[in-house]
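Residue numbers (our numbering), protein chains in the order written: chain E, 685 to 822; chain F, 64 to 490.
Since the hints were made in silico from the structure, they are not lab data. Quantities reported herein were computed from a predicted structural model and do not represent experimental measurements. Certain hints may be false.
Derived DSS-like pairs (lysine-lysine); straight-line CA-CA distance at most 30 Å [as the list claims (entries may be wrong)]: (1) F:LYS120 to F:LYS95; (2) F:LYS221 to F:LYS95; (3) F:LYS193 to F:LYS474; (4) F:LYS292 to F:LYS242; (5) F:LYS95 to F:LYS227; (6) E:LYS730 to F:LYS474; (7) F:LYS240 to F:LYS292; (8) F:LYS221 to F:LYS120; (9) F:LYS221 to E:LYS730; (10) F:LYS240 to F:LYS227; (11) E:LYS803 to F:LYS115; (12) F:LYS115 to F:LYS95; (13) E:LYS730 to F:LYS345; (14) E:LYS718 to E:LYS730; (15) E:LYS820 to F:LYS474; (16) E:LYS803 to F:LYS95; (17) F:LYS240 to F:LYS345; (18) F:LYS95 to F:LYS410; (19) F:LYS227 to F:LYS115; (20) F:LYS240 to F:LYS115; (21) F:LYS242 to F:LYS221; (22) F:LYS193 to E:LYS730; (23) F:LYS120 to F:LYS474; (24) F:LYS474 to F:LYS221; (25) F:LYS115 to F:LYS242; (26) F:LYS227 to E:LYS803; (27) F:LYS227 to E:LYS730.
One letter stands for each residue in the lines below.
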Amino acid sequence: MQPIPISAVPAPLSGFVASVHAGFPSPAADHAQKRIDLNEHLIRNKEATFLFRVRGDSMTGIGIYEGDTLLVDRSIDARHNAIVLAVLNNEFTVKRLYRRGGVVRLVSENPIYPPIQIKQDEELSIWGVVTFNLHKLY
Amino acid sequence: MPTKPVQQLALVDCNNFYVSCERLFRPDLAGKPVVVLSNNDGCVVSRSNEAKAMGVKMGQPWFQARALAEEHNILALSSNYALYADLSNRVMNLLAEFSPRHEVYSIDECFVDLTGMPDLRTLSYAMREKIMRWTGIPVCVGIGPTKTLAKLANFVAKRHPRSKGVFNYNALTDVQKDKLLSGIPVGEVWGVGRRLAPRLSDYGIETVQQFKEGHAPTLRAEFGVVVEKIQRELQEVACVGMEEVTPARQQIIASRSFGNPVRDVVSLKAAVATFVENACVKLRAQQSNAAMLQVFLQTNRFRPELPQYHPSMAVPLVTPTDSSFIINRWAGHLVDQIFRPEYAYKKAGVMLSEITPNTQRQEDLFAEAGQEEESKLMAVLDRVNQRFGRGMVRISSQEANRDWEMRQERKSPAYTTCWTELPVVIT
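Using the sequences and the accompanying hints, generate a full structural model.
Structure representation (C-alpha cells):
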C-alpha cells in the first residue's frame, strides 16, 4: 500500500444547503438558505480586521461619533479619499486620506478642524482602512 | 528510480512575540525598551531588541531586573494571554494558506512544508510581508531539509541583518554549509540547549559542525537515540515528521503559582477546583476520559530558608471520566490528605493521566451511577462557558477567596477579545 501524496493544488468543492423530508414537499424547501450572517458582510479579511473605539468629534461630518466602534482592515490598500486609521506622532487617529499629486494630507470631517499636511520628509504610517462604523441607536 | 525531492521545510516564527503583540496597539512603544513578564509578574519572558541590548536576560526574575529597568526606563508589561492567543491564531491561519501541510508548533512558531513550490525566496518574503501587513507581527522564515535544520536556518535569519528575515539552508553549497555550521555553537541546536551542550563539550563537540561530524555510535551510546536523531537531522536525514493531526495529549496538567502564598485549605481547594475545571475543559475538547488524578502542592522553592514541603498524591479514577464534578470531589479528598497547616503554599496543580478516547469506555462493575447525566451536564457547562467566557459557570468551591490569583499589575487591555477594552482612537 502506497501513501498518496497530498496535492497542493486546491480542488473546488460545490455545496448547497438542502434538507430531505419525508412526506409532502414544502414549496419553500427549494429556496431554503442560510440566514444572513453579519460577520460575512462586515468582515472581508478576518485575520486583518480589528475593532477600535472612537473618542473625539473630528469626523462627525460623516457620522463617526464618540463611543462608536470602527472596523479597521489592515490588508486593504489605502487610496485617496479612504477613511484611514493612521499613526501620527505615535498616536492613533482617524481621518480621510488626501493623496494627490505628491501632496499628502489628513483631512477631518468637521469644519473646526483644519487638515493636517504631511511634509515631504515625514512618514505617514497607515495602520489600516476603516471599512465600517458601528453607531448604536438603541 | 527518481530521487525524492529535497524537503523544503520552513520554520516561521514571530520576533519577540509578546512584545510585538503589545506594540501593535501601542505605536508609541516602537523602538523603545520593553519587556513582558510571566505569570505573577515573575520573570521576563519577552524582550524587545532595545531591552536585549541593555542586558536584560531571557527568564531573568523581575525583582532582579527591576533596578536595571528603572535606570534605563524599560517598560514592563504583564502577560496578556488573551491578546497573544488571538494574534497567534491570526498568524497561524494566514500561514495555513501558504501550504496545506503545516504544523503549529507553539504560540509563535509554525512549520510550513513548501516542498515542490517554485521560487521559495519570493514565497518566503511574501509570507513575511503578508503576516506583517495583515497582523502587524514581524516574523522570520528559515528553510531546511529537516525540521532541525529549518530551526537552525530560522536562527540565522533572525541574527544576520543581511538575510532580511529569510534564510534558506538548502540554497547553500556544501562548503557554505560547513562554514555556517562551524560558526554556530552546538547549544543552539533544537533539542540540545544549555543542558546537553556542556556534556557534548566533554567530547570535544563545541560547534554544530562538530556535532554533525561526531562519531554516531559513541553519541548514541552516551546520549541515547534522541541525540542520534538530532545528528541525523543535521545530516539532512529527516527523523521528525510533519504531524498530520495533532495527537491527543496523554497527560493534562493544570497548575499555577499563587500571587500571595496560601495557608488555608479552603482557598487551596478553591484554587484546585479551578485547575480541575481547566484540565477537564481540555480533556473534553479532545474527547477523552482520564483514569488517574494526581494533585500536588508546593511551598516556595525560591525561598529555601522557609520550610519546604512538596507533597503529591494520586488516585485512580475507577471509571474513566471527563466529569469536573467527579474529578473535583476526588481532588478535594486528595488535598485534605496532603495538606499541612504549618506551611505556606506557593503553587498547586492537578495532573490527569491514563487518558483514553471517550468512545472506548469500558463498563465497570463499580461504575458510578449517572455517568451519562454527568456527561450531558458537562456539555452544557462547556457551551455556556464558551458563549459567555471562561469561568462564567463555575463549580461552587471555586468562588471562595480569589486572593491566590495571579499578580498582573501591568496588563494591557484585552484589545481583541473584550468589547469593553477595545483600543481607543481619538478622531
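Evaluation of the provided hints:
Restraint check: the Cα-Cα separation between LYS120 of chain F and LYS95 of chain F comes to about 16 Å, which is no more than 30 Å; the hinted pair holds. The suggested pairing of LYS221 of chain F with LYS95 of chain F holds, with an alpha-carbon distance near 19 Å, which does not exceed 30 Å. Restraint check for LYS193 of chain F and LYS474 of chain F: satisfied, since their Cα atoms lie roughly 28 Å apart, inside the 30 Å limit. For a cut-off of 30 Å, the pair hint linking LYS292 of chain F to LYS242 of chain F stands: about 22 Å separates their Cα positions.
This hinted pair checks out: LYS95 of chain F and LYS227 of chain F have alpha carbons roughly 21 Å apart, not beyond 30 Å. Our distance criterion of 30 Å between C-alpha atoms is met by LYS730 of chain E and LYS474 of chain F, whose separation comes to about 25 Å. With a C-alpha separation of about 19 Å, the suggested pairing of LYS240 of chain F with LYS292 of chain F holds against the 30 Å cut-off. Distance hint between LYS221 of chain F and LYS120 of chain F is fulfilled; the C-alpha atoms sit about 17 Å from each other, no more than 30 Å.
Proposed proximity of LYS221 of chain F and LYS730 of chain E is supported: the alpha carbons are some 28 Å apart, at most 30 Å. For the given pair, LYS240 of chain F sits about 19 Å from LYS227 of chain F by alpha-carbon distance, which is consistent with the 30 Å threshold. For the suggested pair LYS803 of chain E and LYS115 of chain F, the alpha carbons sit about 34 Å apart, so the restraint of at most 30 Å is broken. Our distance criterion of 30 Å between C-alpha atoms is met by LYS115 of chain F and LYS95 of chain F, whose separation comes to about 11 Å.
Only pairs whose Cα atoms come within 30 Å are accepted, and LYS730 of chain E paired with LYS345 of chain F is accepted, the gap being roughly 26 Å. As the CA atoms of LYS718 of chain E and LYS730 of chain E are separated by approximately 20 Å, the hinted pair is consistent with the 30 Å bound. This hinted pair checks out: LYS820 of chain E and LYS474 of chain F have alpha carbons roughly 29 Å apart, not beyond 30 Å. The straight-line distance between the Cα atoms of LYS803 of chain E and LYS95 of chain F is roughly 25 Å, inside the 30 Å bound, and the hint therefore holds.
In summary, the hint linking LYS240 of chain F to LYS345 of chain F is not supported, as the alpha carbons are separated by about 43 Å, beyond the 30 Å threshold. Taking the CA atoms of LYS95 of chain F and LYS410 of chain F, the gap is about 34 Å. The hint is violated against a cut of 30 Å. Restraint check for LYS227 of chain F and LYS115 of chain F: the C-alpha separation of about 19 Å stays at or below 30 Å, so the hint holds. Between the alpha carbons of LYS240 of chain F and LYS115 of chain F the distance comes to roughly 29 Å, so the proposed pair stays at or under 30 Å and holds.
A threshold of 30 Å between alpha carbons decides the hint, and for LYS242 of chain F with LYS221 of chain F the separation of about 18 Å falls inside it, so the pair holds. About 13 Å separates the Cα atoms of LYS193 of chain F and LYS730 of chain E, which keeps this hinted pair within 30 Å; it holds. Among the hinted pairs, LYS120 of chain F with LYS474 of chain F is consistent with the structure: their alpha-carbon atoms are about 21 Å apart, no more than 30 Å. For the suggested pair LYS474 of chain F and LYS221 of chain F, the alpha carbons sit about 28 Å apart, so the restraint of at most 30 Å is met.
Our distance criterion of 30 Å between C-alpha atoms is met by LYS115 of chain F and LYS242 of chain F, whose separation comes to about 27 Å. Between LYS227 of chain F and LYS803 of chain E the alpha-carbon distance is near 29 Å, which keeps this suggested pair within the 30 Å criterion. Restraint check for LYS227 of chain F and LYS730 of chain E: the C-alpha separation of about 28 Å stays at or below 30 Å, so the hint holds.
In the structure shown, a violation is registered for the earlier hints numbered 11, 17, 18, in ascending order.
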